[in-house]
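Number of protein chains: 2
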Amino acid sequence: MPQGRPLTVPEDGLTTRVRRSAPLLAVHTGAGKGKSTAAFGMALRAWNAGMNVAVFQFVKSAKWKVGEESAFAELGRLNAEGGRGGPVEWHKMGAGWSWARKEGNEDDHAAAAADGWSEIARRLADERHDFYVLDEFTYPLKWGWIAVEDVVAVLRHRPGRQHVVITGRDAPQLLLDAADLVTEMTKVKHPMDDGRKGQRGIEW
Amino acid sequence: MPQGRPLTVPEDGLTTRVRRSAPLLAVHTGAGKGKSTAAFGMALRAWNAGMNVAVFQFVKSAKWKVGEESAFAELGRLNAEGGRGGPVEWHKMGAGWSWARKEGNEDDHAAAAADGWSEIARRLADERHDFYVLDEFTYPLKWGWIAVEDVVAVLRHRPGRQHVVITGRDAPQLLLDAADLVTEMTKVKHPMDDGRKGQRGIEW
Numbered sequence: 001m002p003q004g005r006p007l008t009v010p011e012d013g014l015t016t017r018v019r020r021s022a023p024l025l026a027v028h029t030g031a032g033k034g035k036s037t038a039a040f041g042m043a044l045r046a047w048n049a050g051m052n053v054a055v056f057q058f059v060k061s062a063k064w065k066v067g068e069e070s071a072f073a074e075l076g077r078l079n080a081e082g083g084r085g086g087p088v089e090w091h092k093m094g095a096g097w098s099w100a101r102k103e104g105n106e107d108d109h110a111a112a113a114a115d116g117w118s119e120i121a122r123r124l125a126d127e128r129h130d131f132y133v134l135d136e137f138t139y140p141l142k143w144g145w146i147a148v149e150d151v152v153a154v155l156r157h158r159p160g161r162q163h164v165v166i167t168g169r170d171a172p173q174l175l176l177d178a179a180d181l182v183t184e185m186t187k188v189k190h191p192m193d194d195g196r197k198g199q200r201g202i203e204w
Numbered sequence: 001m002p003q004g005r006p007l008t009v010p011e012d013g014l015t016t017r018v019r020r021s022a023p024l025l026a027v028h029t030g031a032g033k034g035k036s037t038a039a040f041g042m043a044l045r046a047w048n049a050g051m052n053v054a055v056f057q058f059v060k061s062a063k064w065k066v067g068e069e070s071a072f073a074e075l076g077r078l079n080a081e082g083g084r085g086g087p088v089e090w091h092k093m094g095a096g097w098s099w100a101r102k103e104g105n106e107d108d109h110a111a112a113a114a115d116g117w118s119e120i121a122r123r124l125a126d127e128r129h130d131f132y133v134l135d136e137f138t139y140p141l142k143w144g145w146i147a148v149e150d151v152v153a154v155l156r157h158r159p160g161r162q163h164v165v166i167t168g169r170d171a172p173q174l175l176l177d178a179a180d181l182v183t184e185m186t187k188v189k190h191p192m193d194d195g196r197k198g199q200r201g202i203e204w
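Those protein sequences? They're chains A and B, same order as listed.
Under my numbering, think of the first position of the first sequence as 1, with each following residue one higher.
Under my numbering, think of the first position of the second sequence as 1, with each following residue one higher.
Please keep in mind that the hints were generated in silico from the structure rather than gathered at the bench.
A virtual CB, placed ideally from N, CA and C, is assigned to each residue, including glycine.
Some clues are possibly wrong.
Coverage of chain A stretches by chain B, computed from C-beta distances (three or more under 8 Å per stretch; other residues unrestricted) [what the hints assert, rightly or not]: (1) 40 to 53; (2) 75 to 87; (3) 155 to 162; (4) 175 to 182.
Here are some of the chain B residues that sit facing chain A, going by a computed Cβ distance under 8 Å [as the list claims (entries may be wrong)]: (5) L24; (6) K65; (7) E68; (8) E74; (9) A80; (10) R84; (11) A110; (12) V154; (13) H190.
The shape of chain A in the complex, shown without the other chains:
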């Protein structure tokens, strides 16, 4: 549990108050479980603190729906109707991003991923949200669909106090260099190694 006691105090001329509210760029990478789950857990915490939360899932199929999406829909409703927590938006690539209102096939995944990133960059410029989850965002970076240099430049210069959490295996070094917090989830043991299959409420 964080006790809020830093190991060193930097000589950056900043007050504790300013340093405390510094926007965070976190990356969850590695081959183990828990990268996305921990990001959604952080989003839950952010929601509770009243932050405006937005999740962008860089997934192949919009049909795939994790339990967190439904749970966050409920939390978003609690905010809209009861003023509890913060507002929530949840966008998935798959068959077109939800804001784009495109229906049907989205065969060009590379173009869809690039569109998604452009929208996120616009929102960051506008300070639209307080807490962003870019779920499985390392894959379009890895496959060259989105330029890492561009992503890092946008993130480094984002205005205000916008927190960003990026998940996925094989995060590129440039992104790790830009991040404040990097956690590697390492697989020590996994039931699928023994031939078990995933189950609802556990794996999704």
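Starting from the known structure of chain A, arrange chain B on it as the hints suggest.
Showing chain B alone in chain A's frame:
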């Protein structure tokens, strides 16, 4: 994203259906961030699947309250009032476990931890919940307040389909041996290294 395609199919005579619904014992350990956060993220998923969720926090002070506790209180209310998701209980050691209704100081942390584990063992025997989070439970094990052998025996023989997630650094080897899923969270980079302090909505 899990594709539900196991690498091998075991020759254990079980059907996929039985294997699929096997109760999971997961351990999140290591010095990195995200151990508890990922466990609460899993609990969110379990809640959404209608599971009965119980969190037991082995923390020093009951005054420490993470954002997830408030958020899960809302989710529990959504279940009680609207039938959404599953029921939620949240118990903290600190100044006495909530079910014990003891007020005031709880100076003997070792005794309190042992009481907590006894209650959890009783609940497992009664199949009271579907999804248990034993948060920071490795510490009382490490300090010898609770016998690892006893914990492993109870967990190995728990009846029904009860999922258990245990978090904390330095998980003992016996526990790792008994677990189905072990993830080690490794710290690659942490803002507190640079003298930053924790902030609400991010660290708690």
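How the hints compare with the structure:
1. By the rule of at least three residues with a Cβ nearer than 8 Å to a Cβ of chain B, the coverage given for the region 40 to 53 of chain A holds, with 11 such residues.
2. With 4 residues bearing a CB less than 8 Å from a CB of chain B, the region 75 to 87 of chain A meets the requirement of three and the coverage assertion stands.
3. Counting residues of the region 155 to 162 of chain A whose CB falls under 8 Å from any CB of chain B gives 0; the rule of at least 3 is not met.
4. Remark: the region 175 to 182 of chain A is confirmed as covered by chain B, as 5 of its residues place a Cβ nearer than 8 Å to a Cβ of that chain, reaching the required three.
5. For L24 of chain B, the interface hint holds, since its Cβ comes within 8 Å of a Cβ in chain A; the closest pair sits about 6 Å apart.
6. At about 10 Å, the closest approach between the beta carbon of K65 of chain B and any beta carbon in chain A exceeds 8 Å, and the interface hint on this residue is violated.
7. Taking 8 Å as the C-beta contact cut-off toward chain A, the hint placing E68 of chain B at the interface holds, the least distance being around 6 Å.
8. With a least beta-carbon distance of about 6 Å to chain A, the hint placing E74 of chain B at the interface is held under the 8 Å criterion.
9. Hint on A80 of chain B is violated. Least Cβ distance to chain A is approximately 13 Å, over the 8 Å limit.
10. Residue-level restraint check for R84 of chain B holds (minimum Cβ-Cβ distance to chain A is 6 Å; threshold 8 Å).
11. About 18 Å separates the beta-carbon of A110 of chain B from the nearest beta-carbon of chain A, more than 8 Å, and the hint is not met.
12. With 8 Å as the threshold, the beta carbon of V154 of chain B stays out of range of chain A, its nearest partner Cβ sitting at about 20 Å, so the hint is violated.
13. Evaluation of the H190 of chain B hint against chain A yields a held restraint, the C-beta minimum of about 6 Å falling below 8 Å.
Hints 3, 6, 9, 11, 12 from the earlier list are contradicted by this structure; the remaining hints agree with it.
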